[in-house]
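Residue numbers (our numbering), protein chains in the order written: chain A, 1 to 379; chain B, 1 to 379.
For the record, the hints were derived by calculation from the structure and aren't laboratory data. Just so you know, these numbers come straight off a predicted model, no measurement behind them. No false leads were slipped in.
Given that identical chains are not distinguished, each listed pair holds provided it fits within a single copy or across any two copies.
Simulated crosslink set (DSSO-like; lysine-lysine; CA at most 27 Å straight-line): (1) 193 with 259; (2) 259 with 231; (3) 373 with 178; (4) 24 with 111; (5) 133 with 111; (6) 193 with 178; (7) 259 with 178; (8) 65 with 111; (9) 283 with 362.
There are 2 protein chains.
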Amino acid sequence: MMQRGFLDKEFQNRVSLAQGLMVKNNLSALLLTTEPDVRYFTGFLTQFWQSPARPWFLIVPASGKPIAVIPSIGYSLMNSTWIDDIRTWLAPNMVDDGIGLLIDTLNEVAKDGRIGIPDGLESHVRMPYADMKKLSEEVDISSDYGIVRQLRMVKSEAEINKIRHACSIADNAFNSVKDFAEIGMTQSNINRKFQSACLQSGADSVPYVSMGLGAGGYYDVISPAADIQIKDGDILMLDTGLMWDGYFCDFDRNFSMGKPDPRVISCHGYLVDAVMAGLEVAKSGSTAADIFHAMAKITGAGKALEAGRFGHGLGMQLTEWPSFIPDDHTEIVEGMVLTLEPSIETIDGRIMVHEENIVIRKDGAEKLSTFYKEMVIIE
Amino acid sequence: MMQRGFLDKEFQNRVSLAQGLMVKNNLSALLLTTEPDVRYFTGFLTQFWQSPARPWFLIVPASGKPIAVIPSIGYSLMNSTWIDDIRTWLAPNMVDDGIGLLIDTLNEVAKDGRIGIPDGLESHVRMPYADMKKLSEEVDISSDYGIVRQLRMVKSEAEINKIRHACSIADNAFNSVKDFAEIGMTQSNINRKFQSACLQSGADSVPYVSMGLGAGGYYDVISPAADIQIKDGDILMLDTGLMWDGYFCDFDRNFSMGKPDPRVISCHGYLVDAVMAGLEVAKSGSTAADIFHAMAKITGAGKALEAGRFGHGLGMQLTEWPSFIPDDHTEIVEGMVLTLEPSIETIDGRIMVHEENIVIRKDGAEKLSTFYKEMVIIE
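The following block holds chain A by itself, in its conformation from the complex:
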């Protein structure tokens, strides 16, 4: 059985790397407010973040261990992590929902120094705006200069193991689709059965399933599953972000329900070729843009670009930095976990998307999902 959690030294290492970058950037502390950022430095893993009721804060000082400033309901779980200094308030509180305690703690830890918060692409501050305004008047808030992004983008071996395990669970679930999917079933029923298959294969949870459905392709990949029947000739796309021990996989499979249109087979072939072209350049020294261009060369440009990118980072969140787009020149380095996700226009505005997961190694990339070559036909 796979080991859950991390050794303390994993967190010590993350904090130590962060502190090195904080000194370089003249920051006295980092302030983190979102689920993945708080978890990254603590191991605090809970679905309770689904509730928007309470803010949660973690302070990573320029030296020493992180300090948690959290609602008292989280004390017991935070106390089971490697964190020692846990300061709590009884939340929700109508007058001061932790902001006073946070300001006091930041003043104590950072003195008059600058406090970095993640403020770039893919980030947000998870606290009420009124409190954030107050905070920025009381302490010296600064950018984190991408420190959290830079660290989280490169995965440790322990993190890679969890993502590989999540991928293997999804692989199993995808293999079972041919056993339950039939023409005539509703899309929403397939969706429910697929989620159950993910759970039965060992997923802790299935936060994300998207589907595409249509003859010759689909119009988008973000609509919820509808109570509509699957017809002979439809392409059925299932994309899953299931989780194991706090880490995601993110890849999809296209199924032909009945005999496929030759055009669809041909488009699927282009997508598989594009993934292989992306895999080829996915290595240290390349950039995110290089990977995009390698795939776009096969699929062509145009309509497919509506999706905006051809893959992205993967880890504690379904999607992470970098993005495979022409303008993202992030250097690819060993330890990055990535999705290769080209899309292509099939007919009259319809698209197909294909996605696989990889990790960058010393000499190229390791496949984390089972790379498909042929589209599965369910008749």
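With chain A held as given, fit chain B onto it using these hints.
Positioned in the frame of chain A, the structure of chain B alone reads:
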């Protein structure tokens, strides 16, 4: 089969109520950035918000229909809602990820008027802090004066129907626990089987399952399910926030695995009595604090208060306003959907929590979950 989605007039009504309050508060527009707030005024329902990669914006002007300012990947789905004015950019964009288009649109819509954003308890702004700073320099950002909270807190009949349906799905799933839960199974396995039972009963997804486990009670209700075996004499608590068509239920059940300690039975009895006491005062004219005190009178104060509250609002999110705490004096009004969720200390720091769901009607409350009287014993 239950009807998915809403009629356009539901959204027209929400916008019209918001616009009345905007005029009162001298606001030229509302700016919304989070999944539930954007969905509330549009019907834009997708799990794609799991990806933190792209910001999404909705502008509700003081008159006229809302305007969506969103990544192009969302155009097709947004275009299927009642919204006509959809402005897109190709996201992610390394230089300007929609903030320029947002500022231009706000200047066009609000002229020099004030733009309200939800900034109070349970809210946050979902966009990078650097962009939010830029925005607040370019346009006149103000509080929304609780307009969104006030509207979302009171549910329409169509919303109530969806929540009732979600509750009935969870009721079915809870009824099936005795068929699969056994002493000796791991907690994580029970968790997976319970999620499957929710899906089989008709849930679209199961974003939240929390569990408590232990002899005589549990230490907290937010820890993830562990790979530990359930022992004879354990109390097993399952709490689910499953979704149907974008709406949550949120209630729990305590199961005694083997013969229960008389003290546990007695504590469960207090919790059931507390729920009934809460139900009694849950009516127009009471306050959230009144409901808290009615329940606290039965359970006593003390340790149980670590959880911070004895229930809350429920709807598009697992937890919503108000909170059943001594300081929340929100008036209870017809159409509020609420959870009654008292907790109690059983032995040496261990607790039990019990939760049911209700909706406030003209003459008291309607039960949405099947109110339990006895704890289920699984032997």
